[in-house]
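Asker: Protein chains in written order, with the working numbering: chain A, 261 to 562; chain B, 44 to 302.
Honestly, I wouldn't trust all of these hints.
Simulated pairs of lysine-lysine, DSSO-like, Cα-Cα distance not exceeding 27 Å [said to hold, decoys possible]:
# : chain 1 : residue 1 : chain 2 : residue 2
1 : B       : K298      : A       : K471
2 : B       : K64       : A       : K400
3 : B       : K298      : B       : K137
If you are wondering where the hints come from, they were derived from the structure by calculation, not from laboratory data.
What follows is each chain in one-letter form.
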Amino acid sequence: MRVLTVDNLAKRYGDRRVVDGISFTIEKGQCFGLLGPNGAGKTTTLRLLLGLIRPDGGQIDLLGHAIPQAAREARMRVGVVPQMDNLDPDFTVRENLLVYGRYFGLAHAEIEARIPRLLELAGLQARADSLINSLSGGMKRRLTLARALVNDPDLIFLDEPTTGLDPQARHLLWHSLRQLMNEGKTILLTTHYMDEAERLCNVLGIMDAGKLIAFGPPGEMIARHIEPSVVEVYGDVLHDAQVIMQPHCERLERVGETLFGYCAKAEPVLQALKPLAALRITHRPANLEDVFLKLTGRDLRD
Amino acid sequence: MMSCLPTFSWRFLAVWQRNFKVWKKLALPSVLGNLADPMMYMLGLGYGLGRLLPDVNGVPYLSFLAAGTVCYSTMNSATFEVLYSAFSRMHVQKSWEAILNAPMTLDDVVLGELSWAASKSLLSGLAILTVIWLLGLQSSWLLSLWVIPVVVLIGICFAGMGLVMNSISPNYDFFMYYFTLVITPMVLLCGVFYPVTELPHWLQTVSSWLPLTHAIDLARPLLLGSMPQDILLHAFALLAYGLVGFVVALHLTRKRLLT
Chain A
261 MRVLTVDNLA KRYGDRRVVD GISFTIEKGQ CFGLLGPNGA GKTTTLRLLL
311 GLIRPDGGQI DLLGHAIPQA AREARMRVGV VPQMDNLDPD FTVRENLLVY
361 GRYFGLAHAE IEARIPRLLE LAGLQARADS LINSLSGGMK RRLTLARALV
411 NDPDLIFLDE PTTGLDPQAR HLLWHSLRQL MNEGKTILLT THYMDEAERL
461 CNVLGIMDAG KLIAFGPPGE MIARHIEPSV VEVYGDVLHD AQVIMQPHCE
511 RLERVGETLF GYCAKAEPVL QALKPLAALR ITHRPANLED VFLKLTGRDL
561 RD
Chain B
44 MMSCLPTFSW RFLAVWQRNF KVWKKLALPS VLGNLADPMM YMLGLGYGLG
94 RLLPDVNGVP YLSFLAAGTV CYSTMNSATF EVLYSAFSRM HVQKSWEAIL
144 NAPMTLDDVV LGELSWAASK SLLSGLAILT VIWLLGLQSS WLLSLWVIPV
194 VVLIGICFAG MGLVMNSISP NYDFFMYYFT LVITPMVLLC GVFYPVTELP
244 HWLQTVSSWL PLTHAIDLAR PLLLGSMPQD ILLHAFALLA YGLVGFVVAL
294 HLTRKRLLT
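Given only the sequences and the hints, what does the whole structure look like? Please build it.
Answerer: Structure below.
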């Protein structure tokens with residue numbers, strides 16, 4: 261079953277095409293990851309999908325509703341975890357869930373009945389009556405996720421859900437998201453953490469300058485866009501290394517004091533580099549980050 | 044372009060409920076705080092200055108001041124709520140953004156804020172009225188009850204106007220302009236402390252266009268025991284200021300948050 265269909269979606273601000281004709285679909289139960297450097301148009305895309313801003317072109321069908329015309333109906337079945345926590349600081353953990361549920365028109369008793377389960381999912385049973393400002397960053401994120409589930413949504417949008425969290429908090433959040441996927445929820449998340457995308461998502465889209473420049477499962481994307489092995493070389497005789505590696509590698513990239521060799525087989529490269537003992541050499545399989553950097557370049561985006 | 048017609052749902056009440064739930068936590072200090080300032084003005088000036096004045100328009104100064112105090116404290120309460128409090132929720136706490144991710148429109152949120160500010164200012168007005176009743180400053184019980192709907196109109200009027208400032212303000216400091224250029228002149232020109240007829244003619248003309256004048260033209264006769272004149276005109280003026288403000292605020296807030 262198709263949960264989301266996006267067709268040729270476009271949004272301009274002045275002359276800038278922030279979203280420039282993107283199309284993709286998400287099936288029920290999928291976890292779709294939208295990757296892209298800062299300013300690629302990810303958050304604008306999310307806002308368009310939720311019907312918060314009007315597109316300049318294209319069609320969106322969200323859970324059978326045309327967006328933005330029927331955004332209100334669609335949002336009844338959607339949960340949103342925004343990039344910045346916007347929990348209500350005037351309320352406790354429990355009150356936050358209660359008050360948010362009312363925005364969906366849910367009855368008081370109905371929300372009350374859901375709260376224990378939501379607190380459990382967020383691991384906040386012991387903090388139900390704490391004020392928001394006394395929670396750690398990780399707790400706030402988990403509560404934001406729990407709040408997004410108050411209407412038992414079919415589809416959950418998460419905008420950079422783990423930005424700023426420590427590793428423990430990230431793993432806990434990933435665990436919760438996997439649990440939701442097991443329950444058959446569909447997830448759309450934006451991130452610029454490649455490990456997060458690789459771990460959680462079964463479909464990825466890479467966005468840059470408003471365009472969707474790659475789309476597919478992570479494994480397939482790596483296989484399609486990049487050589488399987490990467491040899492990284494650090495040191496100060498990089499020029500010599502470059503000459504030696506050239507014939508064995510499909511692509512070489514130099515970034516500061518590091519040389520990246522992308523190749524079909526690593527063995528010949530490693531053999532050839534043996535004489536240069538002063539270099540530090542690591543060899544690893546290609547990953548999503550390599551794909552991302554190949555497709556979006558290494559320039560800083562601010 | 045967003046469609047220009049507002050789209051409301053009954054869930055705007057959830058925004059009202061949210062604010063009410065926060066208010067309940069601090070209800071008593073909030074009411075006392077709202078009451079203290081206007082009470083001091085009314086009693087301090089009423090007794091202090093009242094001694095020096097034989098009477099104003101044929102009534103004791105304190106009785107004259109009562110209606111003005113109800114009106115301007117209702118105005119202040121509604122204004123503070125949509126300026127500082129609503130701005131905190133919109134701009135600082137980002138509560139409005141959270142609400143907009145639920146099946147709510149910005150129109151619902153702004154309507155919720157307007158109705159809340161009007162409710163809260165109604166409470167302020169009622170608090171002053173209660174003091175007036177306790178001191179027996181009203182001439183007729185029955186007529187003085189009609190001040191209550193006037194207070195509701197004042198709340199709607201100034202909540203709507205204030206929401207415009209909320210929609211364009213970059214920070215809290217900006218609100219000083221509104222107080223200095225709009226609220227304070229009204230307190231001084233609209234007949235709170237002295238009859239408008241004491242002003243030079245050109246200032247009377249200015250005053251006749253200001254909403255607080257219309258509010259006082261309704262409330263003062265009601266407290267002094269006579270039917271106000273031009274009731275429909277004054278009520279319409281208050282509603283018009285409020286509704287025009289509300290519609291402009293909706294438009295500007297959409298531009299601010301939804302583009």
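Asker: State for each hint whether it applies.
Answerer: Against the structure, the hints:
Between K298(B) and K471(A), the direct Cα distance comes to roughly 25 Å. Compliance with the 27 Å bound is thereby established for this hinted pair. The straight-line distance between the Cα atoms of K64(B) and K400(A) is roughly 21 Å, inside the 27 Å bound, and the hint therefore holds. For the proposed pair K298(B) and K137(B), the alpha carbon gap of about 16 Å is at most 27 Å, so the pair holds.
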